[in-house]
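If you read the sequences in order, they're chains V and E. Position 120 of the first sequence, counting from 1, maps to 120 under our numbering, and the rest follow consecutively. In our numbering, each residue carries its 1-based index in the second sequence increased by 1000.
Treat the hints with care, since some could be wrong.
[Stated by the list, open to error] Simulated crosslink set (DSS-like; lysine-lysine; CA at most 30 Å straight-line): (1) V:K5 <-> V:K114; (2) V:K240 <-> V:K181; (3) V:K301 <-> E:K1673; (4) V:K277 <-> E:K1531; (5) E:K1531 <-> V:K181; (6) E:K1334 <-> E:K1324.
[To be verified] Just a sample of chain V residues kept apart from chain E, beta carbon distances all over 12 Å, derived: (7) R46; (8) E50; (9) D75; (10) N130; (11) E164; (12) V167; (13) K240; (14) K255; (15) K266.
Keep in mind that the hints were calculated from the coordinates and are not lab data. All figures in this text were calculated on a predicted structure; none of them were measured in a lab. Quick reminder that beta carbons are idealized off the backbone N, C-alpha and C, glycines included.
Okay, here's what each chain looks like letter by letter:
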Amino acid sequence: MKLLKKSIDKDGMGFVHLRPEEAEDLWHIYHLIAPGDQLTSKTFRRIQKENASGNMESDRVKLTLTIAIEKIDFDPGQEEMRISGPCVSENQHIKMGAYHTIDLALNKNFTVAKHEWDSVALTRLDEATNIEKNADAAAVVMNEGLAHVCLITGSMTILRARIECSVPKKKGAASLAGHDKAILKFYDQVVESILRHIRFDIVKAVIIASPGYVRDNFMQHMMEEAQRKATSVLLENKAKFLVVHSSSGHMHSLKEILASPEVSSKLADTKAAGEVKALDEFYATLRDDPSRAFYGWGHVKAANDSKSSNNSIARICER
Amino acid sequence: MPPKKTSSSVDDDDFDDYDNDGYDDDDSEVLNAALEEFYDAMEDEHPEIIFKEDEAVTWLRSSNYDIDGAITLALNKSKKSTSTKKPAASKPAAPSSSKQPPSSSSSKPTPTTSKPSTTTTTTTNKQAATKNIPIPASVSAMGKDLCAPPPQASPSSSTSISSSPTPFPTSTDDAIKPFDFTEPSPDDLISEKQRQAFSKKKDGSTNTSSSSSTPSTTEGIKYKQNVKTSAPLPTLSSSSAPSTSSAKSNVVEKMATLKLDVAQHSAGRRKELLESISSSMASSSAGKDHLNLVVVGHVDAGKSTTMGHLLFRLGQVDAKTIAKYERESQKRGKASFHYAWVLDQSETERDKGVTIHVGASHFSTDHHDFTLLDAPGHRDYVPNMIGGAAQADVAILVVDGAPNGFENGFMCDGQTKEHAILVRSMGVVQIIVAINKLDMVQWSEERYDTIVSEMKGFLKQSGYIEKNVTFLPCDGLHGVNLVPPANSDGLPSELKEWYTGPSLAEAVDAFRPADRNIEKSFRMSVVDVVKPAQGLSGALLVSGKIDSGFVAVNDKICVSPMGHVCSVKSIFKSHKDNVEYAIAGDNIDLALVPQNTTLDLLLATLSSRCILCDPAHPIQSSSRIRGQIVVFGGRVPITPGMAITFHAQSLEEPAKIKTLLHLVDKATGQPTKQKPRALVEGHAAVIEVVIDRGVCLEKFADYRGLGRFLLRDHGKTIAAGVVLELL
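Given only the sequences and the hints, what does the whole structure look like? Please build it.
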């Protein structure tokens, strides 16, 4: 994310002018802004006007609007965020207080004003605008007949493709051929998906994770195919592939993959790994000493109010 | 309740007519009261007679509101109509049919005291006169009947009725009238006919009779509207079924389930099949019944080798094949794996010497036919093993008796414990513990006893009853104590000294038969789908275990949750024997021919998520369930929002813990603590789970096999449960 202008006075009041450039930036924005903040951006609005003949005419007008944020709608996969709230700036087309929804997209500048930029927001802002990129990695979590191709950025995971096909299991020699054929077809689909979704010039590592022997068989097949078809991008980046164990082929296995030492040592410290660690700590406390572990807004607030909280209490709010 | 518009207009017309003739202004009130009473009387005394409201009005008027007289008229009419063989019930779909009351008017609250006293005065003399009235015979005769000579009792009214061309506007055929949506539209008629064409194959239980087969969903809804209004003049109905209430219940039932108007087989066929099943079961009660046997245990305990060797000893595999496997396995440097190759057939499995998929094989003992399910022991393949255990009725737990072998499997992260618990959680109660590789400790009795006592304590704790657990020593690789000594080389002298119990084959033979749900609707969970190589073009080969009910060749079955209907081309038991039918508990391959989809689509969608079921009573898919679980403890406590993997049958789906409702006292089953914050090892609780995609499950109370599930996280089973409710 590019920081275009920053004006925060010493009381913490002020605004920043930002331009999101990657999907991850939207994730940061999602965490940066909160209801009550003011958002200014260019936007379109349909304006109804009465023309000379007395008919109603609707016009799409490009405006620069400021709204007081009330609702934030964000789907990490969609690379778009919708923010709505009442309009707080004077405008010839739209009344003050009329509701409007601003779409934030990549490469669209906007300004966020807060009454108070606290340390959390400022840290987030620093992190988001830091040009030194965190490790970008891709991961393929797979099992027989099921694969998830996803991108791992510093703070989020984006599922790019889900491949599922039915692979016959073993039942006599006749269907064994069917099994092998189906599994090779499945591997080919995964390879195709990797080539389509993973940009090898950006990612530093590609994690191939699966239970059992699937990952090894897949790697072998992929490299053999790359040799045969002379897929240079795969051959050149062979060193980037990292083959690790996972307990299943589902997306949520990624959690344990990122926490495993072989991955975390290879990747620059991703946030996910740290978060997984914190979560594990929390769970350990919850299991061993439930009276010291709290989750949920109410419980955490109560714990905080009673001043009993210290560093050992992991505060995790379920989203 | 305000009367419907049409009926009130009818009354208004009549007012004008009758007014002149000295009728009271409150004629409609009198009429309504009389009508109610008449309906009541008819319902009680002659429920079989079907009539229309305007007919009833005519009868009442002609008998001067005398109920008995009207009933007599109705009786005459019904005689006539049956003789004309044109029951009104046969044509409810005709758009020209005029207003009819629902025949079962019992739902209409009718005060019996509503008979107006004014009418009673003229009862007797009118009654005789009414008998001369021509009786309306059928719907089409309505108009004519209305213009017929009026009853003598009201001669003055005759002119007014006949002079008024349309006293009942809705009953004239040629009048243009707006469609009031109470009658079936042309589209409805077509779909109705299509439905009827389908329902011919249906068994009789859903259709009360041929004449009652007509009430369709739309009519059911109409009926409900009538009940709601419950007007004194319920003119808005074209339903003419003799038992509307039963039709309604049918409709409700149909709407509650998936809409599929296909029956698995006809009623006659079902009866025939049930007879042949029960006769064959009676005859084979002294003979053999079928059991699914799963073999579980820690990786490298020797499951595949032991079972491969058992199959060889029982003659299922010939010596030539074994010799071939021995040669080939030696070539790969896996010399001791040749018996395992009987069950491990894929290249990866043979290369690595590890079972990956559940291998299925078949053998027979004196009392049982077995489907042998050889489950993988490796921790990564526990999901596969669960699929095998879900099909099983009985189990063999193979324990490595070699030095450190038992400890590796039993302690810390070994699979011996996990498998034993999983198998129990999937409903297996009878288990054999085969302590393998005891030759490595020179058949030491002490070693055997130590393992037995350790296992006994653990199994009891896991919910096994002592009498259902059999312990025996064996050596899978060398074939010691697999089959009775008479057939084998005899026991080694060290073992002979202290062991007198059964061999593995004898112990397996001593299993009690399992309970089978043959009476319930057909359910079969899909384990594997293959495109058959040859001979069965246009069909898919689907294998699995029948959970309940039975299936026969030419049956129509439904593939849930997609709702594809397939017909059964053939059924294979034990992979080869072509049979006419298969019952609950059988492990079969079905050749399915898709009916309402293409083969490719079916192949693409048919997976272990699917359940094959009876199309008349299909299984529902749900993505949110309430279940009672027992927590085994995992890496972390169970909290709401936790992402887990949901296992049931052979399916495996990502899911989330939605809410922890309450803890359950294990002894009493009573709820204890509401809304616990987290669940840890040993807790029993009722929780809600949201599964990413809808899965086919049943309540545990209805179908035991389909109501069990397991929750896994990070490659560990954290909880087992049963489905209480599908939400």
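How the hints compare with the structure:
1. V:K5 <-> V:K114: Answer holds: V:K5 to V:K114 is near 14 Å, not above 30 Å.
2. V:K240 <-> V:K181: 28 Å, holds
3. V:K301 <-> E:K1673: It holds: about 23 Å lies between the C-alpha atoms, which stays within 30 Å.
4. V:K277 <-> E:K1531: 46 Å, violated
5. E:K1531 <-> V:K181: 12 Å, holds
6. E:K1334 <-> E:K1324: The given pair, whose Cα atoms are some 13 Å apart, holds under the 30 Å limit.
7. R46: 37 Å, holds
8. E50: Holds, since 39 Å exceeds 12 Å.
9. D75: The assertion about V:D75 holds, with a minimum of 16 Å to chain E.
10. N130: 30 Å, holds
11. E164: 8 Å, violated
12. V167: Given that some Cβ of chain E is not farther than 12 Å from that of V:V167, nearest at about 9 Å, it is violated.
13. K240: Check passes; 25 Å lies beyond 12 Å.
14. K255: 8 Å, violated
15. K266: Since the minimum Cβ distance to chain E is about 21 Å, V:K266 lies beyond 12 Å and the statement holds.
Hint check: violations occur at hints 4, 11, 12 and 14; the rest are consistent with the structure.
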